[in-house]
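Spelled out, the chains give:
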Amino acid sequence: MDKFEKLSGTAAPMPLINIDTDMIIPKLFLKTIKRSGLGVNLFDEMRYDDDRNEIPDFVLNKPAYRDAKIIVAGDNFGCGSSREHAPWAIKDFGISCVISTSFADIFFNNCFKNGILPIILPKEQVDILMEDAQNGANARIEIDLAAQTITSADGKVISFEVDAFKKQCLLEGLDDIGLTLKKSSAIDAFESAAATARPWV
Amino acid sequence: MTATTLYDKIWDAHLVSTDADGTSLLYIDRHLVHEVTSPQAFEGLRDAGRTVHAPDKTIAVPDHNVPTTLDRNSGIVENEESRIQLEALDKNARDFGIHYYPVDDVRQGIVHIVGPEQGWTLPGMTVVCGDSHTATHGAFGALAHGIGTSEVEHVLATQTLIQTKSKNMKVEITGQLRDGVTAKDVTMAVIGATGTAGGTGYVIEYCGQVIRDMSMEGRMTVCNMAIEGGARAGLIAPDQTTFDYVMGLPHAPKGAAWEQAMLWWKTLTTDDGAVFDEVLVIKGEDIAPLVTWGTSPEDVLPITATVPAPSDFTGGKIDAVERSLDYMGLTAGQNLTDIKIDVVFIGSCTNGRIEDLRAAAKILDGQKIKSGVRTLIVPGSGLVRAQAEEEGLDKIFLDAGAEWRLAGCSMCLAMNPDYLEPGERCAATSNRNFEGRQGRGGRTHLMSPAMAAAAAINGHLTDVREMMNS
Ligand code: SF4
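Residue numbers (our numbering), protein chains in the order written: chain L, 1277 to 1477; chain X, -2 to 467.
Hints are supplied without guarantee of correctness; some may be wrong.
To be verified - Derived pair list, reagent style DSSO-like, types lysine-lysine, alpha-carbon separation capped at 30 Å:
1) X/Lys164 with L/Lys1459
2) L/Lys1443 with L/Lys1432
3) X/Lys164 with L/Lys1458
4) L/Lys1310 with X/Lys337
5) X/Lys365 with L/Lys1307
6) L/Lys1279 with L/Lys1442
7) L/Lys1367 with X/Lys365
8) X/Lys365 with X/Lys337
9) L/Lys1399 with X/Lys251
10) X/Lys337 with L/Lys1367
11) X/Lys162 with L/Lys1282
12) X/Lys164 with L/Lys1443
13) X/Lys162 with L/Lys1443
14) X/Lys162 with L/Lys1399
15) X/Lys280 with L/Lys1458
16) L/Lys1279 with X/Lys162
17) L/Lys1442 with X/Lys88
18) X/Lys162 with L/Lys1459
19) L/Lys1442 with X/Lys162
Quick caveat, the hints were computed from the structure, so don't treat them as lab data.
My request is simple: use the sequences and hints to build the entire structure.
Shown next, in the form of structure tokens:
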């Protein structure tokens, strides 16, 4: 997995609440058997019209935000399905961090497996970052995962919380499966105990 | 001993290890796999030279992409990408030696209907699937939730999942339901009360007299939509209804193993005095037949209500409602029962079980569907279809003018050829009304099977209770 240490880039504002996984990557694009190449279809139905022309009003189509690396979003980002195609598309587009007041559970977990940092902040702070993002000149921010800080273009510093284990995995780009396989003797022990306690399983 | 919840008990029984920071390794008893969220996981496994740790606990069934038209068994899947995904599942299932129900097997169907039907899902188990509606299996008192593809790969390789424990929420539905009110209305009422993020961070235990009186089919409908409320999982304590349903299923324990299982299953209840972090109580009598009007499952109202205005809301919801009404082509103040529909979809893992088809058939019996209303009835599995045909429900549907399809996800998410055209409006028994969910530009109103059947007859959203009195 890609490491995530520091990130500096433009934040795109998406104040809409409940941005769901069908908006992030419509089901049409779930038919791939690969993880890559989904970035062009990120937010597809919001981004293109019926003739596949870009809709100029959509934030990621605006010149200031085309290279955004961060999204500042409304409440409950990523609700809906478990499709990991959603973080794959986000990452493939070039976005590595999403900031909101809340995330849907599965989406939140999926982000960490793909080198994306989802940051949860209180509403007042998201509001500040949203306003900064909307104000092009202050849209560039810097994120330091080790220090757990967000620094805005005008020097404001906001700290954020992150689960210690997930932080370590992101910082070091660790592979979960490799980590778990180190515990295979504990898994074996569990299985033999369960074979007696619940043989029907 | 401290009093614990049902969730605590299942969690504790599956803990492999816990690190100092609370990150836990949880053992997974059943892993269900479908064609859309698994190819990358199997590819990852192959690339790393790993194998499936417990193929005997892994079950694969294609459902999302499969055509539901009667000609599908001739092997034609016209969409090339769909075909590639189905072929990939077929190859992966066979290469790794996991249980598999291919498209032409009568037991094939939606993964969340097939698992319970075959007795793979049993009380007290941990069940995962690369699909958010895995919550369905919670109806058996199993801890069941959706996972992403990386986690699918993790479970394939290790039969465990890295988890942090959720909080406990109790949702109690007291009393009794009124006529015309179903499990679907109950679960939609809960989402209406909590909002789509209200359950985030929680596992919900549904309890109360209404739940106790409910069939297993109804309980699956309730748990199915726990995810629409944001919860990681929904749970219902197993009881005699559960045991009666499970007994004799192909993969349920038999003989001495059954007796041993029952000893444990009967302990799977929340202790008196156990503390929940959050409690919601809804009176069964207060629930009316519900429909959604917007593009979020929390946008529910009784069918007797009118379309709300953005100004009825606060905060970010104001803009969201404005956008929803525009997308849905609705005007504030309009009667919900005046909303005309073009399509009816009865099916999905929420409402594709036999009881759902019976409820729809009861309304459609001897009636004609309004001309021009395309009505798809899609059983949740081949076995549900066979059962319905044995009961003659297929005749009722066909006589009324509906299409009677083969099993699959179908128009729930429209990855197969069943989808809405832009602007088409659908009365659907599925679980999501997101923009574009049933097809680009398609408009979805969620409701119960009986309500969807009533809408089919009248060509507009209808209070099913009026049809029941006549
Ligand atoms: S029926 Fe719908 S919700 Fe259920 S598994 Fe299929 S696509 Fe998902």
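How the hints compare with the structure:
no. : hint                     : result
1   : X/Lys164 with L/Lys1459  : holds, 26 Å
2   : L/Lys1443 with L/Lys1432 : holds, 23 Å
3   : X/Lys164 with L/Lys1458  : holds, 28 Å
4   : L/Lys1310 with X/Lys337  : violated, 41 Å
5   : X/Lys365 with L/Lys1307  : violated, 37 Å
6   : L/Lys1279 with L/Lys1442 : holds, 12 Å
7   : L/Lys1367 with X/Lys365  : violated, 50 Å
8   : X/Lys365 with X/Lys337   : holds, 16 Å
9   : L/Lys1399 with X/Lys251  : violated, 54 Å
10  : X/Lys337 with L/Lys1367  : violated, 41 Å
11  : X/Lys162 with L/Lys1282  : holds, 29 Å
12  : X/Lys164 with L/Lys1443  : holds, 22 Å
13  : X/Lys162 with L/Lys1443  : holds, 17 Å
14  : X/Lys162 with L/Lys1399  : holds, 25 Å
15  : X/Lys280 with L/Lys1458  : violated, 50 Å
16  : L/Lys1279 with X/Lys162  : holds, 26 Å
17  : L/Lys1442 with X/Lys88   : violated, 34 Å
18  : X/Lys162 with L/Lys1459  : holds, 19 Å
19  : L/Lys1442 with X/Lys162  : holds, 14 Å
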